[in-house]
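**Student:** Just so you know, we're using the working numbering here: the sequence shown kicks off at 512 and counts up by one.
To be clear, the hints were calculated from the coordinates, so they are not data collected in a lab. Predicted, not measured: the structure shown is a model, and the values here were computed from it. Even for Gly, the Cβ is constructed at its ideal location relative to N, Cα and C. There is no bait here: all hints are sound.
Using 30 Å as the maximum straight-line C-alpha spacing, the simulated BS3-like pairs for lysine-lysine come out as follows:
hint: 1; residue 1: Lys770; residue 2: Lys695
hint: 2; residue 1: Lys767; residue 2: Lys695
hint: 3; residue 1: Lys873; residue 2: Lys829
hint: 4; residue 1: Lys747; residue 2: Lys770
Ranges of calculated distance between the beta carbons of each label pair, as one might list FRET restraints:
hint: 5; residue 1: Val812; residue 2: Lys767; range: 37 to 43 Å
hint: 6; residue 1: Val812; residue 2: Asn592; range: 37 to 43 Å
hint: 7; residue 1: Val812; residue 2: Gly617; range: 35 to 41 Å
hint: 8; residue 1: Ser668; residue 2: Asn592; range: 16 to 22 Å
hint: 9; residue 1: Lys512; residue 2: Arg793; range: 22 to 28 Å
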Amino acid sequence: KFPALADLDSIAAQSAKGDQLAQVFLLSEKEGIVGRSSAGPDGIAFPKAIPLPAGSSPVTMNLLDFNGTNTLAVLTKDGRNYQLLLLPATGEQSMDTKNHRSVNLGTLTRGPETILSLDADHDGHTDLLVFTPDKPMIMVRDGVDKDGKPELKVMESKDMGQFGLVQAANGRNTSTLDLLGDGKSELLVADRNYVRALTYNATPPAGTSPGWQVVAQINAEASDAKLTSIAIMGDKIVAGDRENGRLVVFSKNKDKNDKPVWKQSEAIEVPGFKFNQIFAGRLGGDDNDMILAIGDSSFAVVRLQGERWRLEEVATWKSDETRRVEHEFIIGDLNGDGFVDVTALDAAEQMAEILTFSQSGKLRYGTAFEVFETKMFAGGEPKEFEPNMGLVTDITGDGKDDLVLMAHDRVLIYPQQTKPSATPIPDAPAKKSVAIPAAAGKPATGAAAQPSASKPAGK
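Turn these sequences into a full structure, and let the hints steer you where they fit.
**Tutor:** Structure representation (C-alpha cells):
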C-alpha cells in the first residue's frame with residue numbers, strides 16, 4: 512500500500528524508460544487534483560500536483576500517444592464549461608505549464624468519459640476523439656492555423672460529414688487498428704452484428720461525400736449478435752456480445768491475391784456474467800494475452816489461448832408425461848455395464864426415471880418407478896421438490912454401485928442387482944399398482960416398476 516489521493520477517479524501508468532522512472536498519474540475530482548508519482552525500488556511516492564487552470568477541476572484523463580509523444584490528456588471543467596489539456600508525460604516536463612496545450616470544448620451537459628487518439632484523416636497529425644455517455648462524439652483535430660502555429664480544432668457532430676456512420680461510437684465499443692495493413696490505423700466501431708473500420712476524409716475524390724468513410728466491415732456469423740464492446744488482442748479483434756453472453760473473435764487471413772481478409776474465427780460463450788466493457792492484456796503471469804471483462808459490480812478473466820473445455824450436445828431427452836418436473840440428476844453406473852446412467856428425480860409425481868447410454872453413445876430410456884405416494888390432487892403444482900437429492904455409491908459392500916435417495920427425512924437405498932432373479936419378474940401393469948398403500952410423504956411398499964412411458968428425443 513502506498514499513499515495516494517482520496518476518492519481516486521482515474522489511474523494511468525507509464526513504464527520506465529532509460530533513466531526515467533516509471534510514472535503513475537492519479538486523478539481525484541473530489542480533491543481537484545491530477546498528481547504525478549514516480550515508482551522506484553522504494554515504492555510509489557505521494558503524488559505531486561500538476562498545475563491546472565485556475566478555477567477548474569479535473570474530470571477524467573487518459574495516457575495516450577500524441578504525435579509520437581507519450582501525453583497525458585486531461586479533461587477539466589469550470590462550471591459547465593469543459594477544457595481539454597495535453598501534458599507531456601515525461602517527468603518534470605508535465606509540471607511546466609509552458610509545455611501544456613489546451614482547447615475549449617464548450618458547454619456540455621455531462622462530463623466526457625474517455626479520450627481516444629489516432630490519425631483519423633491520415634494527415635500525419637494525431638487527432639483526439641472525446642466520448643461522452645449518451646452524447647455524440649467530439650473530434651479534436653491537430654493542425655496549424657493560417658500563421659503556421661499549432662492549432663487544436665474542435666469538431667462536433669454537425670461539423671463532420673456522414674456522422675451517422677459513427678454515431679454509435681462510445682468509449683466502450685471503439686478502438687484503433689491498422690486493419691488494412693498499410694501502416695495507418697483506422698477507427699474501429701463495434702455495433703449491432705458487425706465491426707466497422709473508418710477514416711475521416713474532408714476532401715475525398717469526386718463523387719464521394721466528405722466526412723467519415725467506411726473502409727472495411729467485418730460481420731459476425733450470428734445475425735442476432737449485438738456487439739457493444741471491443742478490444743485488440745495481438746493480431747485479433749475481440750468484440751463483446753453482452754446480450755448473448757459471448758466473445759466474438761475476428762482473425763486476419765489472406766485471400767488469393769495475398770490481401771488481408773478479416774473473418775470471425777470463433778465465438779466463446781461467457782454464460783452467467785453480464786459484462787459492459789472488455790480489455791486485453793497479459794493477466795495470467797505468462798506471455799499469453801487474456802480478456803478482462805468488466806461488469807456492473809464484478810469482473811472476469813477469460814483465457815483465449817491454450818486448451819479449453821468445450822461442451823457439445825450429444826443427446827436430448829424429454830419425458831412424454833407433461834406433469835413431470837425433473838429437478839435433480841444423479842450420475843453413476845447402476846447396472847454394472849461400464850456405461851454411465853442418469854437418474855432423473857421428478858417433483859410432480861415423485862418418480863425416479865433411469866436413462867442409460869449405449870456403447871455407441873446413444874441415450875436409451877431404462878425404467879421408472881415411484882419413490883413414494885402423495886395426496887396431491889391431479890393437476891396440482893409441486894410445493895416441495897421430493898425426493899430432494901441422491902447419489903450413486905456402493906452401500907452394500909459388494910463392489911457394485913447402489914442408488915441412494917433422500918426423501919423428506921428418509922434415506923432410501925436401492926441395491927444394484929448382482930445375480931439373476933430366482934423367478935421371472937412379470938411385466939408391470941399399464942397403470943400404477945401399489946401392494947401396500949403408503950401415507951403421504953412415506954415410501955411406498957411393493958410399488959410396481961413402471962414400463963417405459965418416455966423415450967429419448969434423439970440427438
